[in-house]
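Novice: What follows is each chain in one-letter form.
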Amino acid sequence: MATAARVHDLYPVPMAGRSNHGQNQQAYFRANLIRIFILLLIWAFVSFGCGIFMAPWLNQWYLPGTGYPLGFWFAQQGSIYVFVILIFIYVVLMKRLDRRYGVSEDDQA
Amino acid sequence: MSVQAWTFLLVGVTFALYIAIAIISRARSTRDFYVADKEVHPIANGMATAADWMSAASFIGMAGLISFLGADGAVYLMGWTGGYVLLALLLAPYLRKFGRFTVPDFIGDRYEAKTARMVAVVCAIFISFTYVAGQMRGVGIVFSRFLEVDIAIGVVIGMALVFFYAVLGGMKGITYTQVAQYCVLIFAFLVPAIFLSLMFADTAIPQLGLGRMGEDGQSLLQRLDGISTELGFGAYTEYQGSLINIAAITAALMLGTAGLPHVIIRFYTVRKVRDARSSAGWALLFIAILYTTAPAIAVFSRTNLLQSIPGTAYVDAPEWLGTWEDVGLIAWKDHDQDGIITYAPGQPFKGKPDFEETPGSQTAARGTSGERLVSNADTDGTNELYVDRDIMVLANPEIAGLPNWVTALVAAGGLAAALSTAAGLLLVISSAVSHDLLKGTIMPGISEKRELFAARIAAGGAVVIAGLIGIWPPDYVAAIVAFAFGLAASSFFPAIVMGIFSRRMNGPGAISGMIAGIVFTTAYILWFKFIEPGSNNPDNWWFGISPEGIGVIGMLVNFAVAIPIAALTKPPSEPVQRLIEDIRIPGDS
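Taken in sequence, the protein lines are chains A and B.
Counted the way our numbering counts, the first sequence spans residues 1 to 109.
Counted the way our numbering counts, the second sequence spans residues 1001 to 1589.
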């Protein structure tokens, strides 16, 4: 089949003697998954937690120093700020991880 | 200078700018045309993505929608931003590393099947057309309201412009015009918001205005809660709908955002995997500037509406009420014949206003207070006022008594938002046709030059079809937008995520999963929106989830079908195993 042949050409069998390399890559990907998992927990907690299911309860307090009911603030302001911060944290974490495992694009010509 | 003169000036200047950029950055190869030669800076790509993403609906409609929905409007705020976290963490870096041109490219290669690629192509084209129709309509509305030309002529002008820069420039031209369009639209959105914030909350930062303590020891939100409850609408800051349904809609919009092909394709245009991650962050930052301002505009305009209209006699009402009544987006039916506007929950009459005309002449028929008469049937409620949700952003400058150039700026911003989104979608349609259908399936041997030509023809054809839908919109445009998100959430998102994170997922599993997800979601939406619209209420919904939120369940159906079928059939081949290895590592392995 044409598609399978194309995939085969693009991803040839690797050279022998690179098994060590493969283990390193698996460790890198596992470390990546842990970071993704933790960040997505925070993502779900601020939006679905604070912004939706806990919002009616959180609304009994105000964001300190303002008249923003807390649950409403999370739903319409806070969660969005947290989303932006989460992505940039991931960028920084992965930049370090890429270097540590030698898979950074800068290390290659 | 009049509003109209200002509008002509600002719209003319911005259009000239877009055309100039398109000429400078026109595409010379298919790589230029599909992915801007993969040389876009992550910040520029972030801006382009933001403009691509924020449509006429975000710019014109969202703040108004939230102002009527109150707390429940959060589904759009979180739903249309939270998806970028999923994109940055789960999709963008891997698809960039995969490094070809389209979403169906990935689905086809990863699952080793033309069927999978075809399912993806059909979904991509359907989703994009659904979306683009709304944009062309938005262009038409802005033209007709501010330049007083016919909606059809407005759509044709918009079509001609998009045709010019999408067909000539491809992705490269689109990207740099979108950067300019982002700057125009965000400036146009913020200027009136800052004026309003100064008026209502004494601070130049709208995001702080809502919560800022006033001299009476109450914030604007607390005051609005008070007025709102008094009139029977319920507290503005408390959810009115069921939390389960609110969560389902939010999740469906997030997953749908992450699965929309015109958003995903933007991450193919940057140089490195690392840039794909950071450019998702920049995109969300630029989007967040508008999305955190919108709830402030919603509160300012809601407060203004509730403070100035209910209990006021029609003859004493502010001037903007009459202006928008003349356009047909506000209507008042004086049920109790007391000349005073009563505003309460519920519909003032059945359906959209149907204005009467004086027999024998073309002028509007007027009632005893001078209001335009409507012939709609009455409802049981006491409410007398109809306000179209779309007018909030467009009417704000007038309501706040801002200078004419601000009104014109808003018009130019609305056009920038609509045109930038339309161009991104048209590119997806054109690449689906020329790259996935022609080159990928029908004529694999096609030369680069002819493929580029085909891509341009396809983009041109798509512009014309989109324009026709904009001039003669089917009644169900709004209903099918829910459809686009539902489809993206139940087909693309799970198929791509499993393709990256599971080594075991294979062609048969992914294809049957996509088909099951699409069939389930489509059937649910068709049933409640078209076949039995009368039964579209919480008593009949499954799990209490409305058609807008059903994409989440569609995604679960996809997983539930795909995983067992993949487990029972052959694992993916050796080369595909290596493809999976390869996309998981940023550098060359």
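Hint data in this document are derived by calculation from the structure and do not stem from the laboratory.
Watch out, some of these pointers could steer you wrong.
[What the hints assert, rightly or not] Just so you have them, the derived chain B footprint on chain A, three or more residues with Cβ under 8 Å:
{"#": "1", "region": "22 to 32"}
{"#": "2", "region": "37 to 43"}
{"#": "3", "region": "46 to 52"}
{"#": "4", "region": "55 to 65"}
{"#": "5", "region": "73 to 83"}
{"#": "6", "region": "89 to 100"}
[Said to hold, decoys possible] Capping the alpha-carbon separation at 20 Å, the derived lysine to aspartate or glutamate pairs in EDC-like fashion look like this:
{"#": "7", "chain 1": "B", "residue 1": "1352", "chain 2": "B", "residue 2": "1378"}
{"#": "8", "chain 1": "B", "residue 1": "1038", "chain 2": "A", "residue 2": "105"}
{"#": "9", "chain 1": "A", "residue 1": "95", "chain 2": "B", "residue 2": "1582"}
{"#": "10", "chain 1": "B", "residue 1": "1449", "chain 2": "B", "residue 2": "1032"}
{"#": "11", "chain 1": "B", "residue 1": "1097", "chain 2": "B", "residue 2": "1398"}
{"#": "12", "chain 1": "B", "residue 1": "1272", "chain 2": "A", "residue 2": "105"}
{"#": "13", "chain 1": "B", "residue 1": "1097", "chain 2": "A", "residue 2": "105"}
From a predicted model like this one, the values you see are computed outputs, not experimental measurements.
Beta carbons are placed, not taken as given, at the ideal position from N, Cα and C, and that holds for glycine.
Novice: Next step is simple, just say for each hint if it's right about the structure.
Specialist: For each hint, the structure was consulted:
{"no.": "1", "hint": "22 to 32", "verdict": "holds (count 5)"}
{"no.": "2", "hint": "37 to 43", "verdict": "holds (count 3)"}
{"no.": "3", "hint": "46 to 52", "verdict": "holds (count 4)"}
{"no.": "4", "hint": "55 to 65", "verdict": "holds (count 5)"}
{"no.": "5", "hint": "73 to 83", "verdict": "holds (count 8)"}
{"no.": "6", "hint": "89 to 100", "verdict": "holds (count 5)"}
{"no.": "7", "hint": "B/1352 x B/1378", "verdict": "holds, 12 Å"}
{"no.": "8", "hint": "B/1038 x A/105", "verdict": "holds, 15 Å"}
{"no.": "9", "hint": "A/95 x B/1582", "verdict": "holds, 18 Å"}
{"no.": "10", "hint": "B/1449 x B/1032", "verdict": "holds, 12 Å"}
{"no.": "11", "hint": "B/1097 x B/1398", "verdict": "violated, 49 Å"}
{"no.": "12", "hint": "B/1272 x A/105", "verdict": "holds, 7 Å"}
{"no.": "13", "hint": "B/1097 x A/105", "verdict": "holds, 11 Å"}
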